[in-house]
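With the hints as extra help, turn the sequences into a complete structure.
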Amino acid sequence: ENISAVSEEVSASTQEVSASTQEQLTSIEQLDDMARQLNEMAEKLLVMMEKFRF
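Here the working numbering is used: the first residue of the sequence shown is 1, the next is one more, and so on.
Take the hints with a grain of salt, since some may be wrong.
Derived Cβ-Cβ restraints for the label pairs, each shown as a range [as the list claims (entries may be wrong)]:
id, residue 1, residue 2, range
1, Met-49, Ser-13, 50 to 60 angstroms
2, Glu-50, Ser-13, 52 to 62 angstroms
3, Met-49, Glu-29, 27 to 37 angstroms
4, Gln-24, Phe-52, 40 to 50 angstroms
5, Met-48, Val-10, 49 to 59 angstroms
6, Glu-8, Ala-42, 47 to 57 angstroms
No lab work stands behind these hints: they were computed from the structure. All values reported here derive from a predicted model rather than from experimental measurement. All C-beta atoms in this analysis are idealised placements derived from N, C-alpha and C, irrespective of residue type, glycine included.
And the structure:
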């Protein structure tokens with residue numbers, strides 16, 4: 001009975017860790033996408049700034 005309870009707790013904890021890991025992965029993927037977009041904007045800004053150089 002004791003082993004069963006511990007096993008259930010471990011299983012529940014494992015599921016929580018798995019869910020948290022998935023959330024972190026999703027956040028990292030979103031951050032990666034935003035960083036790429038920011039890089040593209042920065043490159044466009046550099047091109048536009050070149051037009052104003054003397």
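| message | Given the hint of 47 to 57 angstroms, is the C-beta distance from Glu-8 to Ala-42 inside that range or not? | response | holds, 51 angstroms
| query | Does the Cβ distance between Met-48 and Val-10 fall inside 49 to 59 angstroms? | reply | At 57 angstroms between Cβs, range holds.
| query | Does 40 to 50 angstroms hold as the CB distance between Gln-24 and Phe-52, or does it fail? | reply | holds, 42 angstroms
| message | Tell me if the beta carbons of Met-49 and Ser-13 are separated by a distance inside 50 to 60 angstroms. | response | Since the Cβ atoms of Met-49 and Ser-13 sit about 53 angstroms apart, the hinted range of 50 to 60 angstroms holds.
| query | Does 52 to 62 angstroms hold as the CB distance between Glu-50 and Ser-13, or does it fail? | reply | With Cβ atoms ~55 angstroms apart, the hint holds.
| query | Do Met-49 and Glu-29 keep their Cβ atoms within the hinted range of 27 to 37 angstroms? | reply | Cβ of Met-49 to Cβ of Glu-29: about 31 angstroms, so the range 27 to 37 angstroms holds.
Every hint, counting from the list given before, is met by this structure.
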